[in-house]
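Input sequences plus hints: build the corresponding full structure.
There are 2 protein chains.
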Amino acid sequence: MKVGILTIGNELTSGKTQDTNSSYIARELQVQGWPVAVMMSVGDDDAAIKEALDHILSLADALIVTGGLGPTSDDITTAAIGRAFGRKLYTDETCLKHIREIFSQFRLKWTDNNAKQALFPEGAETIFNPVGTAWGFALRVEGKVIAVIPGVPAEVKIMLPEGVIPFFRKAFPQAAQHVAARIFKVFGISEAGVDKLLSDIDFKGLGVEIGFYPNFPEIHVQLKVRTSTEAEARARLARAEAEVTDRLRDNIFGHDEQTLEGVVAALLTERGLTLAVAESLTGGLITDRLTDIPGSSKFFERGCVTYSNQSKTDLLGVPEEMLREHGAVSEQTAVRMAEGVRALAGTNLGLSTTGIAGPDGGTAEKPVGTVYVALSDGKDTFCRHYDTFRWDRRRIKVLSSQAALLMVKRYLTGEIRHGQ
Amino acid sequence: MKVGILTIGNELTSGKTQDTNSSYIARELQVQGWPVAVMMSVGDDDAAIKEALDHILSLADALIVTGGLGPTSDDITTAAIGRAFGRKLYTDETCLKHIREIFSQFRLKWTDNNAKQALFPEGAETIFNPVGTAWGFALRVEGKVIAVIPGVPAEVKIMLPEGVIPFFRKAFPQAAQHVAARIFKVFGISEAGVDKLLSDIDFKGLGVEIGFYPNFPEIHVQLKVRTSTEAEARARLARAEAEVTDRLRDNIFGHDEQTLEGVVAALLTERGLTLAVAESLTGGLITDRLTDIPGSSKFFERGCVTYSNQSKTDLLGVPEEMLREHGAVSEQTAVRMAEGVRALAGTNLGLSTTGIAGPDGGTAEKPVGTVYVALSDGKDTFCRHYDTFRWDRRRIKVLSSQAALLMVKRYLTGEIRHGQ
Chain A
4 MKVGILTIGN ELTSGKTQDT NSSYIARELQ VQGWPVAVMM SVGDDDAAIK
54 EALDHILSLA DALIVTGGLG PTSDDITTAA IGRAFGRKLY TDETCLKHIR
104 EIFSQFRLKW TDNNAKQALF PEGAETIFNP VGTAWGFALR VEGKVIAVIP
154 GVPAEVKIML PEGVIPFFRK AFPQAAQHVA ARIFKVFGIS EAGVDKLLSD
204 IDFKGLGVEI GFYPNFPEIH VQLKVRTSTE AEARARLARA EAEVTDRLRD
254 NIFGHDEQTL EGVVAALLTE RGLTLAVAES LTGGLITDRL TDIPGSSKFF
304 ERGCVTYSNQ SKTDLLGVPE EMLREHGAVS EQTAVRMAEG VRALAGTNLG
354 LSTTGIAGPD GGTAEKPVGT VYVALSDGKD TFCRHYDTFR WDRRRIKVLS
404 SQAALLMVKR YLTGEIRHGQ
Chain B
4 MKVGILTIGN ELTSGKTQDT NSSYIARELQ VQGWPVAVMM SVGDDDAAIK
54 EALDHILSLA DALIVTGGLG PTSDDITTAA IGRAFGRKLY TDETCLKHIR
104 EIFSQFRLKW TDNNAKQALF PEGAETIFNP VGTAWGFALR VEGKVIAVIP
154 GVPAEVKIML PEGVIPFFRK AFPQAAQHVA ARIFKVFGIS EAGVDKLLSD
204 IDFKGLGVEI GFYPNFPEIH VQLKVRTSTE AEARARLARA EAEVTDRLRD
254 NIFGHDEQTL EGVVAALLTE RGLTLAVAES LTGGLITDRL TDIPGSSKFF
304 ERGCVTYSNQ SKTDLLGVPE EMLREHGAVS EQTAVRMAEG VRALAGTNLG
354 LSTTGIAGPD GGTAEKPVGT VYVALSDGKD TFCRHYDTFR WDRRRIKVLS
404 SQAALLMVKR YLTGEIRHGQ
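In order, the protein sequences belong to chains A and B. For the first sequence, my numbering assigns the number 4 to the initial residue and increments by one for each residue that follows. For the second sequence, my numbering assigns the number 4 to the initial residue and increments by one for each residue that follows.
Calculated from the structure, these hints are not laboratory results. All values derive from a computational prediction rather than experimental measurement. Built from N, CA and C at the ideal position, the CB exists for glycine as well. Hints are not guaranteed to be accurate.
As the list claims (entries may be wrong) - Using 25 angstroms as the maximum straight-line C-alpha spacing, the simulated BS3-like pairs for lysine-lysine come out as follows: (1) K160/A <-> K19/B; (2) K53/B <-> K53/A; (3) K160/A <-> K19/A; (4) K5/A <-> K53/A; (5) K160/B <-> K19/A; (6) K207/A <-> K19/B; (7) K19/A <-> K199/B; (8) K19/B <-> K199/A; (9) K19/A <-> K207/B; (10) K19/A <-> K19/B; (11) K53/A <-> K5/B; (12) K369/A <-> K301/B; (13) K19/B <-> K5/A; (14) K53/A <-> K147/B; (15) K53/B <-> K147/A; (16) K369/B <-> K301/A; (17) K5/A <-> K53/B; (18) K199/A <-> K112/B; (19) K5/B <-> K19/A; (20) K112/A <-> K199/B.
Claimed, not checked - Across the chosen pairs, the derived CB separations fall in these ranges: (21) T366/B <-> T248/A: 43 to 51 angstroms; (22) A234/B <-> R327/A: 53 to 61 angstroms; (23) H258/B <-> P38/A: 40 to 48 angstroms; (24) T129/A <-> P38/B: 30 to 38 angstroms; (25) R327/A <-> H258/B: 41 to 49 angstroms; (26) T366/B <-> R103/A: 29 to 37 angstroms; (27) N312/A <-> E96/B: 54 to 62 angstroms; (28) T272/B <-> F109/A: 46 to 54 angstroms; (29) P176/B <-> G196/A: 49 to 57 angstroms; (30) N116/B <-> N218/A: 23 to 31 angstroms; (31) G417/B <-> Q313/A: 25 to 33 angstroms; (32) T366/B <-> P38/A: 47 to 55 angstroms; (33) E334/B <-> S76/A: 41 to 49 angstroms.
Said to hold, decoys possible - Footprint (simulated), chain A over chain B, 3 or more residues, beta carbon under 8 angstroms: (34) 16-28; (35) 34-41; (36) 54-68; (37) 298-306; (38) 311-319.
Shown next as structure tokens:
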């Protein structure tokens with residue numbers, strides 16, 4: 004079953020808004036095993052919409068349309084689709100009641116143009132919107148199906164899996180399979196490196212598809228299974244998961260929707276441990292990431308962004324002599340920073356980074372991209388030196404923050420051990 | 004002159020890669036005054052490419068194609084376009100020589116498939132690629148023009164303005180106008196607020212188009228002029244710029260490609276002033292932004308991410324009594340944090356933030372989104388209280404960091420004065 008995607012809105016064809024829906028929808032359709040024949044965007048224009056519908060339906064069995072379902076006069080998607088297929092519009096009373104309820108709940112003033120959002124082409128099935136007033140609809144036209152949902156990305160992310168995909172599965176039962184998917188989030192090896200580590204696994208034999216999605220600075224490895232029964236899909240996925248986990252081991256820091264900072268935050272909270280951070284080249288990025296996690300004040304005590312040598316001495320107790328002798332970018336300084344911030348904050352753990360983010364400041368001995376990361380638990384201090392971080396200043400900061408957070412994660416899961 | 008955009012690649016139709024080229028190209032075309040009739044994406048498939056070319060050329064006078072110009076076997080754009088219009092391919096010797104030079108310069112091993120990148124359809128004009136081996140080309144077909152460039156966004160951003168747009172202007176001289184554009188970067192008022200402040204300006208009378216581009220947390224206001232002479236375009240733009248500047252005043256923090264942190268960094272560097280930062284709810288985001296600017300070590304001395312009360316006392320000298328009496332989220336604490344970090348770091352300026360990022364921790368008196376920002380210069384301390392920051396934790400952090408950086412910018416440009 005081939006699917007087409009049509010996104011509608013003048014904000015797209017003028018370049019005012021980046022279309023993120025098409026890419027999201029394509030990825031979800033791919034998980035279902037339904038290839039995307041074509042993706043199109045047109046403005047809020049009756050003729051352009053009709054041309055696009057005709058073209059896509061000549062190439063695909065099903066079509067997903069987003070955008071143009073608002074109450075204002077420039078939102079013409081429903082009317083244009085009605086006209087394109089010769090369907091009059093009717094008012095869906097359940098939808099109208101729902102919209103009126105939202106208005107009354109939020110004490111908004113009702114104006115008659117809002118009733119427009121309860122209009123649908125004859126023969127359409129409505130698709131409920133649990134987070135807004137713009138309901139969608141699905142329509143069967145000459146053996147093909149068209150599903151229309153609003154263009155707000157947060158609404159697409161609910162109405163596609165809950166409304167559109169179930170409708171398509173029902174409309175094309177022969178194309179509906181049980182789907183199971185799993186994403187492995189990997190850092191520390193290249194895409195080619197991941198590919199090589201997994202090269203001896205017979206994914207075809209296991210009945211599983213594998214895909215790589217580089218997502219700087221991470222690689223996301225997706226496994227997908229589509230079979231006729233749910234139990235079989237789960238069983239195949241579990242076998243492939245075990246193989247992948249065995250090959251990639253501690254290069255995997257999380258799965259599916261997890262983030263590295265979220266994994267670290269959960270581990271620290273779970274164990275009742277506290278953390279203080281001393282950052283030089285990462286400049287606050289590590290603590291910014293950690294404090295994005297709700298409840299981070301439970302484990303995060305303080306961060307010191309010690310950019311100057313004076314601040315390294317004042318806030319972390321790094322001896323001036325050490326800075327003179329070894330330099331601010333050195334293993335000695337990184338270790339002393341982690342130990343110093345831990346001791347002064349009175350936390351269980353102290354984490355530090357120091358390095359050269361560039362574009363200036365590199366030397367032959369310590370080029371741009373030279374980075375030290377250290378973690379102290381009061382007993383031992385682990386330090387790692389990186390010299391492979393390249394590209395621009397921002398990317399060197401992001402790679403360094405990722406390496407530092409991964410060190411905490413590995414320590415907490417026992418992948419880094421005392422005496423190593 | 005209507006233009007169509009076609010992006011080609013299996014990575015697009017599988018959802019693996021988000022297409023950012025279409026949106027960028029649409030915006031650049033809009034600046035030229037050339038409306039986009041349709042945007043399409045298809046996979047690396049001969050038939051799909053032909054269908055798309057035919058459809059777009061039935062709707063538009065010109066077509067921009069990106070993607071599929073690499074040396075590997077899945078890159079078929081040039082061959083598919085040649086077949087679609089019955090043009091054989093020829094080798095461009097200048098291009099071939101350039102590719103060979105790049106290989107020799109980077110000491111890469113030459114393989115014969117690389118010669119494929121020097122193949123072009125008969126009648127094509129080549130478009131030079133100054134940053135890679137994938138040259139583009141432009142082709143005239145039945146009174147229409149097609150320009151083809153690689154899909155790497157960094158290459159599109161050079162080859163579109165330097166190669167494609169000049170070619171189109173030459174091919175459609177009646178559609179080529181002198182264009183002048185200016186972006187105002189605004190923070191602190193809503194899109195509706197900006198609209199209202201500018202409502203008395205007669206942009207039509209001035210011969211200038213205005214557009215609003217919300218770019219969280221900023222609003223970008225773009226002025227565009229297209230006329231027959233360059234002098235006239237510049238003159239009209241200058242008149243409109245003066246009006247907009249007069250209305251929006253210090254809500255404008257920068258222009259065109261400037262960032263707020265870049266503007267603050269340039270002002271501090273220019274004046275030889277130094278800054279220290281004490282962050283609570285922003286968690287390091289302010290110093291992360293500042294340290295993204297090359298050379299930030301010239302003005303940035305230290306940051307203290309004082310998440311715990313203990314760290315506010317230890318690192319900034321905020322009295323425990325003050326925290327008990329007024330709370331960590333209070334004007335008193337914000338002021339003391341800014342004064343403390345300035346005094347202890349010995350910098351010219353001290354900046355601080357404290358607030359409630361949520362989702363928990365809000366009270367009736369101090370709900371989620373309550374934020375204080377303070378700036379001390381050793382003589383005066385300015386403090387501002389915000390209670391309109393809403394949405395999620397991340398957005399409250401971003402809004403707060405923006406408000407704090409804007410306060411520094413306004414102080415440095417004299418928009419905040421002593422005794423106010």
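Do the hints match the structure? See the list:
Simply put, K160/A and K19/B have alpha-carbon atoms about 17 angstroms apart, close enough for the 25 angstroms limit, and the pair holds. Distance check on the hinted pair: K53/B and K53/A sit about 20 angstroms apart at the alpha-carbon level, within 25 angstroms; holds. With a CA separation close to 21 angstroms, the supplied pair K160/A and K19/A stays within the 25 angstroms bound. Among the hinted pairs, K5/A with K53/A is consistent with the structure: their alpha-carbon atoms are about 20 angstroms apart, no more than 25 angstroms.
Taking the CA atoms of K160/B and K19/A, the gap is near 17 angstroms; set against the 25 angstroms cutoff, the hint holds. Between the alpha carbons of K207/A and K19/B the distance comes to roughly 21 angstroms, so the proposed pair stays at or under 25 angstroms and holds. With a C-alpha separation of about 20 angstroms, the suggested pair K19/A and K199/B falls inside the 25 angstroms cut-off, and the hint holds. Restraint check for K19/B and K199/A: the C-alpha separation of about 20 angstroms stays at or below 25 angstroms, so the hint holds.
Between K19/A and K207/B the alpha-carbon distance is near 21 angstroms, which keeps this suggested pair within the 25 angstroms criterion. About 23 angstroms separates the Cα atoms of K19/A and K19/B, which keeps this hinted pair within 25 angstroms; it holds. Between K53/A and K5/B the CA atoms are separated by roughly 18 angstroms; this keeps the pair inside 25 angstroms, and the hint holds. Only pairs whose Cα atoms come within 25 angstroms are accepted, and K369/A paired with K301/B is accepted, the gap being roughly 20 angstroms.
Proposed proximity of K19/B and K5/A is supported: the alpha carbons are some 18 angstroms apart, at most 25 angstroms. This hinted pair checks out: K53/A and K147/B have alpha carbons roughly 23 angstroms apart, not beyond 25 angstroms. Our distance criterion of 25 angstroms between C-alpha atoms is met by K53/B and K147/A, whose separation comes to about 23 angstroms. With a C-alpha separation of about 20 angstroms, the suggested pairing of K369/B with K301/A holds against the 25 angstroms cut-off.
Only pairs whose Cα atoms come within 25 angstroms are accepted, and K5/A paired with K53/B is accepted, the gap being roughly 18 angstroms. The straight-line distance between the Cα atoms of K199/A and K112/B is roughly 22 angstroms, inside the 25 angstroms bound, and the hint therefore holds. Simply put, K5/B and K19/A have alpha-carbon atoms about 18 angstroms apart, close enough for the 25 angstroms limit, and the pair holds. For the hint pairing K112/A with K199/B, the CA-to-CA distance comes to about 22 angstroms; that is within 25 angstroms, so the pair holds.
Here the CB-CB span from T366/B to T248/A is close to 45 angstroms, well matched to the stated 43 to 51 angstroms. For the hinted restraint 53 to 61 angstroms between A234/B and R327/A, the CB-CB distance of approximately 60 angstroms keeps it satisfied. The beta-carbon spacing between H258/B and P38/A, approximately 45 angstroms, falls within the hinted interval of 40 to 48 angstroms. Distance hint for T129/A and P38/B: a CB-CB separation of about 34 angstroms, consistent with the stated range 30 to 38 angstroms.
Range check, R327/A to H258/B: about 43 angstroms between beta-carbon atoms, so the 41 to 49 angstroms window is met. Against the hinted window of 29 to 37 angstroms, the Cβ-Cβ separation of T366/B and R103/A comes to about 34 angstroms, which satisfies the hint. As the Cβ distance of N312/A to E96/B is approximately 57 angstroms, the hint placing it in 54 to 62 angstroms holds. Taking the beta carbon of each, T272/B and F109/A are about 48 angstroms apart, inside 46 to 54 angstroms as hinted.
Separation of P176/B from G196/A is about 53 angstroms and conforms to the stated range, judged on CB atoms against 49 to 57 angstroms. For the pair N116/B and N218/A, the beta carbons lie near 29 angstroms from each other, so the given range of 23 to 31 angstroms is met. For the pair G417/B and Q313/A, the supplied restraint of 25 to 33 angstroms holds, since their beta-carbon distance comes to about 29 angstroms. T366/B and P38/A have their C-beta atoms about 53 angstroms apart, which keeps the hinted 47 to 55 angstroms range intact.
Our hint of 41 to 49 angstroms for E334/B and S76/A holds, since their Cβ atoms are close to 46 angstroms apart. Using a Cβ-Cβ cut-off of 8 angstroms, 12 residues of the segment 16-28 of chain B lie near chain A, which meets the minimum of three, so the contact claim holds. With 4 residues bearing a CB less than 8 angstroms from a CB of chain A, the segment 34-41 of chain B meets the requirement of three and the coverage assertion stands. Chain A is given as covering the segment 54-68 of chain B, and this holds because 4 residues of the stretch bring a CB closer than 8 angstroms to a CB of that chain, at least three being needed.
Only residues whose C-beta sits within less than 8 angstroms of a C-beta in chain A count toward coverage, and the segment 298-306 of chain B has 7 of them, enough to reach three; the restraint holds. A count of 5 residues in the segment 311-319 of chain B with a Cβ less than 8 angstroms from any Cβ of chain A is obtained; the coverage claim is therefore met, three being the minimum.
Hint violations for this structure: none, all hints satisfied.
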